[in-house]
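> Guided by the hints, dock chain B onto chain A, whose structure is given.
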Amino acid sequence: MTTTENQTKPGESKIAAAETGEGRQELQLRKDISTKEMLRGSGAVLRMSEAEVASLAGVQSEDQTMIINMGPQHPSTHGVLRLMLELRGETVLRCKPVIGYLHTGMEKTGESLSYLQGATNVTRMDYASPLNNELVFAMTTEKLLGIDQDIPERAVWIRMLLSELNRISSHLLFLATNGMDIGAVSMMIYGLRDREEVLRFFQKVTGLRMNHNFIRPGGVAADLPAGWRDEVLKLLESLPKRLAEYEILMTGQPIWRERLQGVGVITRDEAIALSATGPILRSTGLSWDLRRDMPYLRYDKVQFDVIVGSFGDAFDRYSIRLNEIRESMKIVRQVLEAMPQGDYRIQDKKVTPPPRGRIDESMEALIHHFKIFTEGFKVPVGEAYVAIESPRGEIACYIASDGSSTPYRMHVRAPSFVNIQSMPLMMRGGLVADAVAVISSVDPVLGEVDR
Amino acid sequence: MTTISGGVVDDVRFVAKTDYLKQLAALRDEGFEMCVDLTAVDYLTHPGRVLPADVADTVALERFEVVVNLLSLSQRRRVRLRVQVAEANASIDSAFDLYPGTEAMEREVFDMFGIRFEGHPDLTRILMPEDWQGHPLRKDYAQGNIPVQFKGAAS
Numbered sequence: 001m002t003t004t005e006n007q008t009k010p011g012e013s014k015i016a017a018a019e020t021g022e023g024r025q026e027l028q029l030r031k032d033i034s035t036k037e038m039l040r041g042s043g044a045v046l047r048m049s050e051a052e053v054a055s056l057a058g059v060q061s062e063d064q065t066m067i068i069n070m071g072p073q074h075p076s077t078h079g080v081l082r083l084m085l086e087l088r089g090e091t092v093l094r095c096k097p098v099i100g101y102l103h104t105g106m107e108k109t110g111e112s113l114s115y116l117q118g119a120t121n122v123t124r125m126d127y128a129s130p131l132n133n134e135l136v137f138a139m140t141t142e143k144l145l146g147i148d149q150d151i152p153e154r155a156v157w158i159r160m161l162l163s164e165l166n167r168i169s170s171h172l173l174f175l176a177t178n179g180m181d182i183g184a185v186s187m188m189i190y191g192l193r194d195r196e197e198v199l200r201f202f203q204k205v206t207g208l209r210m211n212h213n214f215i216r217p218g219g220v221a222a223d224l225p226a227g228w229r230d231e232v233l234k235l236l237e238s239l240p241k242r243l244a245e246y247e248i249l250m251t252g253q254p255i256w257r258e259r260l261q262g263v264g265v266i267t268r269d270e271a272i273a274l275s276a277t278g279p280i281l282r283s284t285g286l287s288w289d290l291r292r293d294m295p296y297l298r299y300d301k302v303q304f305d306v307i308v309g310s311f312g313d314a315f316d317r318y319s320i321r322l323n324e325i326r327e328s329m330k331i332v333r334q335v336l337e338a339m340p341q342g343d344y345r346i347q348d349k350k351v352t353p354p355p356r357g358r359i360d361e362s363m364e365a366l367i368h369h370f371k372i373f374t375e376g377f378k379v380p381v382g383e384a385y386v387a388i389e390s391p392r393g394e395i396a397c398y399i400a401s402d403g404s405s406t407p408y409r410m411h412v413r414a415p416s417f418v419n420i421q422s423m424p425l426m427m428r429g430g431l432v433a434d435a436v437a438v439i440s441s442v443d444p445v446l447g448e449v450d451r
Numbered sequence: 001m002t003t004i005s006g007g008v009v010d011d012v013r014f015v016a017k018t019d020y021l022k023q024l025a026a027l028r029d030e031g032f033e034m035c036v037d038l039t040a041v042d043y044l045t046h047p048g049r050v051l052p053a054d055v056a057d058t059v060a061l062e063r064f065e066v067v068v069n070l071l072s073l074s075q076r077r078r079v080r081l082r083v084q085v086a087e088a089n090a091s092i093d094s095a096f097d098l099y100p101g102t103e104a105m106e107r108e109v110f111d112m113f114g115i116r117f118e119g120h121p122d123l124t125r126i127l128m129p130e131d132w133q134g135h136p137l138r139k140d141y142a143q144g145n146i147p148v149q150f151k152g153a154a155s
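From first to last, the protein sequence lines are chains A and B. Heads up, the first sequence is in the working numbering, so the first residue is 1 and it goes up one at a time. Heads up, the second sequence is in the working numbering, so the first residue is 1 and it goes up one at a time.
Please note that the accuracy of each hint is not assured.
Unchecked claim - Below, simulated BS3-like cross-link-like pairs (lysine-lysine); rule was C-alpha separation at most 30 Å, straight line:
| # | chain 1 | residue 1 | chain 2 | residue 2 |
| --- | --- | --- | --- | --- |
| 1 | B | 139 | A | 350 |
| 2 | A | 108 | B | 139 |
| 3 | A | 108 | B | 17 |
Hints are computed from structural coordinates only; laboratory data are not their basis.
Bound-form chain A, shown alone (with noise of 0.2 Å):
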């Protein structure tokens, strides 16, 4: 073998230059490398603006790649995610996810919002899952208020129930979604139906069916209403058979498996670099749910397992929430037999409007009612973040006060805007049709990526 000029002597970092149509190129080792550069280099995620995207219309290229649009406007995309999809035939290169087409400044509305009134704010970002919305909210400016260990009893489990009862409702709506995303389309109709007999429980305590501003700073808006034990017990008989019916429907069914397993796969250490929490994270084996790593309310009372995947995978993430449900259904028992009487909310004059008799017989509560609703009240200075297990992942949020009855910032850390960045990690080197699949796994919910 003759050498050649381009040889390189050990121990030099740049291993080959040669003359190309775009001039000299030059090999780097691997350690002087970046991060940042691999990743524009060969990572998954798109790094494109529509501007240049655009400049590329009409253009021929030779690698037989191509960008194309996925949405906002499709009906796998959850609301109006729209991907950027870089191709070469089916298969998915790089992608990216743009977002903000359901942006209406909920941060900024929460600025001008009195704490009583921010639960109504907050309850419409993550609107499968709106009772964990307000349940974090009302528990940082409990926080702020030094009153977090002062919610009486009762409260404390009306909101466990709730929330474990939002997360049944948020994940029978995966089901539906997921079925329906893969061309289960039976699905969608059963995971509606069962959906809707959770919110119609909701609607008997809050009144609504979802957006229910039932959990608020100090405890919970009104006692459950009579009758409520039969309606929660009348759920829990009719959901296994249910869920029993699925499990024959999907779990075992050669072509479910065929889509899902093996789909979408991200590993435990991507996973935590990447922030993802949630089902997303425990797919992949590593057992992680802040109601017990980290208990808030009495979630050190009650016994629930974990449920983890081992393939991190889209089909691990379908079976975590099925699974999911059997174990808030588990708590939800736990909590019927454990429900204390007592007050709903905190005797504290400074958050609690006094009792509706109270009005009409006595001037001061009058106009404390009516100060309570149109100032507010004062939160005292300082900064406070709580997070919670939200069905999509942790949930938290942070607010600053300036000792106003307003919050000087308020930032909920949303699951789904964090949980969407491992979209393009999932979908690269698989088909189009796996795509739906890996958006459909991560469960996002449009309202709360944007805010």
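For chain B alone, coordinates are given in the frame of chain A:
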């Protein structure tokens, strides 16, 4: 620095902007595997915020504050870093090399506050349209009665 409110222990640390990446790397080696949240606060109209006594002398308050929440899955701990960012030079190093999951959060902070993250692979607007002017979560960004800024729309 540790503040205790209602039995919940919050580990809050004030970090100088120049030390930010070094501190993050040290904390990651300490076992904080996940950067769970990154956001910012604009303290334009509330400059005299209360600081804990032990850092009150050493921290120079600025208009912006970047707030980073790290989570240790192995030790079940959280730590919150607060970094002051001056208005005149509204930029800070990107944590992307250490925690790739901060990509979208840093883009959101850039979009909403106009704080630049040096070394971010794709620092573009994420929620607002690409040609939007202004940064909505800044305190001097007016609420209501904003002229329509969409492409091709009559304003």
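> All hints are to be evaluated individually against the structure, with a verdict given for each.
Taking the hints in turn, this is what the structure says about them:
Distance restraint check for residue 139 (chain B) and residue 350 (chain A): the Cα-Cα separation of roughly 28 Å lies within the 30 Å cut-off, and the hinted pair is therefore satisfied. Simply put, residue 108 (chain A) and residue 139 (chain B) have alpha-carbon atoms about 9 Å apart, close enough for the 30 Å limit, and the pair holds. Distance hint between residue 108 (chain A) and residue 17 (chain B) is fulfilled; the C-alpha atoms sit about 26 Å from each other, no more than 30 Å.
Comparing the model with each numbered hint stated earlier shows that all of them hold.
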